[in-house]
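A.B. asks: This is what each chain is made of:
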Amino acid sequence: MSPLWQNLLIYALVLWCVWRLLRKYLPAWSWQNQARLSYFLESKNPLWLKRLGQRLRPAAVIPQGCNTHCSKCNACS
Amino acid sequence: MSIANIALVGNPNCGKTALFNLLTGSRQKVANYAGVTVERKLGQFALGENTINVLDLPGAYSLNATSPDEMITRDICMGTHDYGFHPDVLVCVVDATNLRLHLRFVLELKALGRPMLVALNMMDSAAKRGIVIDVEKLEMELGVQVVSTVAVAANGADRLKECLRADALPAPLIDPQALPEDQHQQVRRILRASVSMPRDTSALDDGLDRWLLHPVFGVLILGLVLFFMFQAVYAWAAPFQDGISASVQWLSGQAGQILPAGILLSLLQDGIFGGLGTVLEFLPQILILFAFILALEESGYLPRAAFLLDRVMFASGLTGRSFIPLLSSYACAIPGIMATRSIQDPRDRLATIMVAPLTTCSARLPVYALLIGAFIPRQDVLGWFNLQGLVLLGLYVFGIVSVFAVALVMKRFNKTKSDHALLLELPSYRLPNLRDLAIGLWDRARIFLRRVGGIILTLTVLLWFLSSFPGPPADAVLPAIEYSFAGRIGHFLAPLFAPIGFNWQIVLALIPGMAAREVAVAGLATVYAISSVSDDTGQLGAVLASQWSLATALSVLTWYVFAPQCISTIATIKRETNSWKYTGIAVFYLFGLAYFFAFLVYQTAVWLS
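Chains A and B supply the protein sequences, listed in that same order.
Each residue of the first sequence is one higher than the one before, counting from 0 in numbering that gives the first Met the number 0.
Each residue of the second sequence is one higher than the one before, counting from 0 in numbering that gives the first Met the number 0.
Quick caveat, the hints were computed from the structure, so don't treat them as lab data.
Quick caveat, the model's predicted, so the values are computed rather than measured.
Hints may contain errors.
Said to hold, decoys possible - According to the in silico footprint, chain B covers these stretches of chain A (three or more CB under 8 Å from chain B):
| no. | stretch |
| --- | --- |
| 1 | 20-27 |
| 2 | 36-45 |
Unchecked claim - Footprint (simulated), chain A over chain B, 3 or more residues, beta carbon under 8 Å:
| no. | stretch |
| --- | --- |
| 3 | 251-262 |
| 4 | 457-467 |
Each residue gets a CB set at the ideal place from its N, CA and C atoms; glycine is no exception.
Using the sequences and the hints given, assemble the complete structure.
C.D. replies: This is the structure in structure tokens:
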């Protein structure tokens, strides 16, 4: 694998980890920003951007953090 | 219209959650002591063409609620607050071996006039003790339908399900002409009419309690049990740990043969295999510890331990009721803090919440095990005691002593304590069921592996990235990590921690360790793997032993006894106290104690050496 592909893979993995971290510790904030990004992309003209926006659309319910009444303490983390 | 919603109610430790698990197929925690369930749990099961929603409620001795968990049960039973759930039927679960206590709550529920039925649970245990219950007579006396259940048997809830097939259940008949009668008298009358029991209590329980609750022998036995537990953690885990370590190293070697040298191989070898592999090695120790804890939970011994320690706990400003929440905190402080809802006195509850993070949660075990393995020689003391096990026990005892010491200080600041006698229900002794034990251990292993594959993987990858980027300049003379983001962050914070003997690598590992304590181990493994100038990084323990002084190792161990290195715990304190003030106090005093004692230990160790 060429160094370029290796770097691209690493950057994608790091972005995914940052997103997971935000989803866990700042669930409402990350949901809002994901929704904002999705809305922005969906309003753009090229079809592929619209589709990307649709794919990025977050779930209808704001994900819950570890300090809410999910009754699964120590199981979901 | 058929029954759609049922609520399981009853006294604590009557088997509601076991019944809930049996009906819904879920795996909520069950144990042989009161107060395991402190929150409502919702599940469902299919019955013919219908789906029935089941609500498992915290146990309550009466509708006159005295603690936050009992209030939830009271509100739903009385309909004063439905929490979005309207039960069509109240299923009152009672322990067939303890009807004298449990029937009082049945009578209270009956007086509400809502459709209900009684699930006569633990009928197998009752039969073993020679208790004969005439179900039809009991049904007549109570005026509500009664069904026998055995929540721990596969088909133990079949009769309950049959009853729930009905379109609706009638509300209990309340005779307006009946003379008012004391509940205790009423229970005695019902028992006389429908139950025959050879003796009030179990002969086996009485015999065991004579020794286990003895003020001297009881405490000695408790100490021996704990001592044996920690010895076993070290003595039994070693071969499994070596196996995991060898497997991870083999996988890392295979990756080196498949992938060319480069950034991706570094991520795999230094980050994922180095970091996650090191954390994974501690799985056997965690499982051995939990095997003991689960067996003790199932046996019914734990409330006895609470009873034994009540005097000490009361003297330090806690209560015997704090024992179970504090014990739960040995798995994780979060369920421990939540379990304080069963404590009636708000001051006692607050004190327990504040000291719960001091108990040695399982996430600390990898840190302790790593440093003990690296710095304490594997040798026998007095013939057959394991020195490493003794040090581990010492750290746990240090945590327990700090719980009492902090509670004592809090007691001095807050003198508004009202005296509450410890009223604790002692359950019957039970032999731990091997299947339940295996399921409990499997759940524990899954939780740990999910953490390894979840938050620990995430943070290890991020820490590896920060430790690898940006790369060193062309004329670099130091290891590459010194020029990275992580190196700069570590060096920036290091002066703050220098008085307690932490180097910049430790400081760096503490940051992701705030998310989960074990991440510090993965963090150290990653940072030292990247720092290494040679290809052969070796085992983390050996690397630490060669690069840290004993004073630094002791200081890190002391730091971990106190530091609130867990964001989730802090968030739970905020939720349960509903106060930023108390959350702030908890964080401040825990970090303060961690820094103070680490400083004391480090400086003393340096001075002595």
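A.B. asks: Against the structure shown, which of the earlier numbered hints fail to hold, in ascending order?
C.D. replies: 2
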